[in-house]
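Trainee: Going down the list, the sequences are from chains F and E.
Note that the first sequence covers residues 239 to 533 in the working numbering.
Note that the second sequence covers residues 452 to 605 in the working numbering.
Keep in mind that a hint or two might mislead.
[Unchecked claim] Label pairs and their calculated CB-CB ranges: (1) F:Thr383 with E:Pro584: 38 to 46 Å; (2) F:Glu390 with E:Gly466: 42 to 50 Å; (3) E:Pro584 with F:Thr252: 19 to 27 Å; (4) F:Tyr281 with E:Gln467: 52 to 60 Å.
Just so you know, the hints here were simulated from the structure itself, not pulled from any lab data.
Glycine included, C-beta positions come from ideal geometry on N, C-alpha and C.
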Amino acid sequence: MVTRLDPKLFDATTDITWCAGCGDFAILKALKLALADLGIEPYQALVVSGIGCGSKLPDYMNVNAYLTNHGRPLPIATAAKLANPDLHVIVTNGDGDSYGIGGNHFVQSCRRNPNLTHIVENNQIYGLTKGQYSPTSDKGFVTTTSPDGAIELAFNPLSVALGAGATFISRAFAGEPKHMAGLIAQGIQHQGYALIDVLQPCVTFNRTNTYDWYRKRVYHLEDEDYDPSDRKAAWEKAHEWEERIPLGVLYRVEGATAYEDQVKALEGGSPVSRLDDLVKDPRPQQYERLKERFT
Amino acid sequence: MPQMGGQKEGTLDYGQFLSEVQANGSFTSREETEGAVASVLMAMAEVLPREQLQALATRLPPEVMVFLRRSGSEPDPLFDSHLFLGWVVSSVDATGGRDETTGGLDMTASYSGPEAIRRAQCVFSALKKRIEPDHQQVLADLLPEDVNGWFLNA
Numbered sequence: 239m240v241t242r243l244d245p246k247l248f249d250a251t252t253d254i255t256w257c258a259g260c261g262d263f264a265i266l267k268a269l270k271l272a273l274a275d276l277g278i279e280p281y282q283a284l285v286v287s288g289i290g291c292g293s294k295l296p297d298y299m300n301v302n303a304y305l306t307n308h309g310r311p312l313p314i315a316t317a318a319k320l321a322n323p324d325l326h327v328i329v330t331n332g333d334g335d336s337y338g339i340g341g342n343h344f345v346q347s348c349r350r351n352p353n354l355t356h357i358v359e360n361n362q363i364y365g366l367t368k369g370q371y372s373p374t375s376d377k378g379f380v381t382t383t384s385p386d387g388a389i390e391l392a393f394n395p396l397s398v399a400l401g402a403g404a405t406f407i408s409r410a411f412a413g414e415p416k417h418m419a420g421l422i423a424q425g426i427q428h429q430g431y432a433l434i435d436v437l438q439p440c441v442t443f444n445r446t447n448t449y450d451w452y453r454k455r456v457y458h459l460e461d462e463d464y465d466p467s468d469r470k471a472a473w474e475k476a477h478e479w480e481e482r483i484p485l486g487v488l489y490r491v492e493g494a495t496a497y498e499d500q501v502k503a504l505e506g507g508s509p510v511s512r513l514d515d516l517v518k519d520p521r522p523q524q525y526e527r528l529k530e531r532f533t
Numbered sequence: 452m453p454q455m456g457g458q459k460e461g462t463l464d465y466g467q468f469l470s471e472v473q474a475n476g477s478f479t480s481r482e483e484t485e486g487a488v489a490s491v492l493m494a495m496a497e498v499l500p501r502e503q504l505q506a507l508a509t510r511l512p513p514e515v516m517v518f519l520r521r522s523g524s525e526p527d528p529l530f531d532s533h534l535f536l537g538w539v540v541s542s543v544d545a546t547g548g549r550d551e552t553t554g555g556l557d558m559t560a561s562y563s564g565p566e567a568i569r570r571a572q573c574v575f576s577a578l579k580k581r582i583e584p585d586h587q588q589v590l591a592d593l594l595p596e597d598v599n600g601w602f603l604n605a
């Protein structure tokens with residue numbers, strides 16, 4: 239039985255520098271609640287991020303944290319999970335970091351299926367660098383770097399994740415943090431890579447996709463007769479935008495096998511668990527033997 | 452739920468309501484004033500129970516009722532002052548202000564929190580004139596932490 243913890247356990251004393259009203263506040267709150275609801279202690283979780291407004295999030299939590307290079311949190315999170323599969327590893331980064339700079343890592347993570355929870359703070363713009371259009375900006379979106387409107391089609395993370403073989407694909411809205419916390423909790427419990435794409439208004443630079451804009455469009459898949467194991471249905475839902483935007487679990491493969499559970503080198507225990515041997519017997523030859531077991 | 456008092460003369464006049472908010476906030480245009488009113492009322496609609504929204508609607512001009520409709524069934528229990536400000540900041544022109552995140556003048560961004568709080572209080576002040584004191588306290592108790600203080604002090 240899971241013992242719920244107090245989300246305040248995850249509170250940090252760091253000053254938060256997000257703009258007032260930023261959707262990242264809701265994501266931070268939802269993540270704390272999800273971890274607390276699952277009874278995960280701060281020392282049992284690792285939050286990895288990249289560069290950007292949303293990537294400051296691990297700094298605002300009392301939790302193991304790793305702020306990496308731009309676009310690189312997914313491979314580093316995968317490495318951390320391989321080294322210590324007992325950790326609950328969560329990645330939080332923005333749409334630019336996830337789908338632009340780290341786009342290849344996103345695709346590879348979908349098909350590799352490491353047991354990670356990937357929360358993408360998708361505000362459809364680069365906020366930290368003052369408002370350039372991002373991979374998820376809609377075609378025609380006017381920004382400082384697209385004064386005549388973005389020329390490219392918007393990147394669709396849900397359909398790409400589905401095509402690349404992801405086993406858990408969901409979408410949340412920062413205006414509904416309680417609902418988001420539930421999706422994050424499901425993602426953490428999923429065996430494999432779990433994408434939670436969070437529609438998160440940038441109140442300073444994105445004057446189009448506001449809370450009101452989303453509020454008028456979002457609806458819950460849970461309220462409809464929707465089967466998240468239906469891949470074709472998920473494909474259709476992944477392409478809904480503009481008029482109606484679905485929230486919830488679009489696609490889930492039950493009983494998926496995580497990447498790290500298939501790595502033969504880990505069958506004898508994780509590298510972290512084997513560190514005890516090294517601590518007890520720190521001779522160079524012991525270290526060499528340990529290295530041999532992983533080559 | 453405390454009953455609100457009888458309607459006062461002019462209570463339901465939209466022009467008068469807007470004029471009060473515009474004067475409170477020194478807004479330069481009717482459009483800017485309406486933006487502030489809409490954003491604050493929509494934020495309130497996200498957090499107040501439906502019966503309170505209906506009661507509030509009876510005290511306000513019919514033109515603003517559309518902003519007091521919530522599409523979701525129940526208020527999100529995690530809705531806090533940050534989210535409240537998120538709705539209000541949407542009505543603030545964020546260009547040409549002073550960007551406190553970097554400490555200097557930034558032509559494309561401003562740290563809009565103080566302005567959003569000021570706008571919320573301008574609207575709250577006009578609302579409170581149409582609500583009995585005991586009901587003001589009921590509403591304040593239902594608003595998120597910090598927002599209730601802005602409301603009571605408006």
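Trainee: Does the beta carbon distance between Thr383 of chain F and Pro584 of chain E stay inside 38 to 46 Å, or does it fall outside?
Mentor: violated (52 Å)
Trainee: Measuring from beta carbon to beta carbon, are Glu390 of chain F and Gly466 of chain E in 42 to 50 Å?
Mentor: holds (46 Å)
Trainee: Just tell me: holds or violated, for the beta carbon distance of Pro584 of chain E and Thr252 of chain F against 19 to 27 Å?
Mentor: violated (40 Å)
Trainee: With respect to the beta-carbon atoms only, verify the hint that Tyr281 of chain F and Gln467 of chain E lie 52 to 60 Å apart.
Mentor: Distance hint for Tyr281 of chain F, Gln467 of chain E holds at roughly 59 Å.
Checked against the numbered hints listed earlier, the structure breaks hints 1 and 3; every other hint is satisfied.
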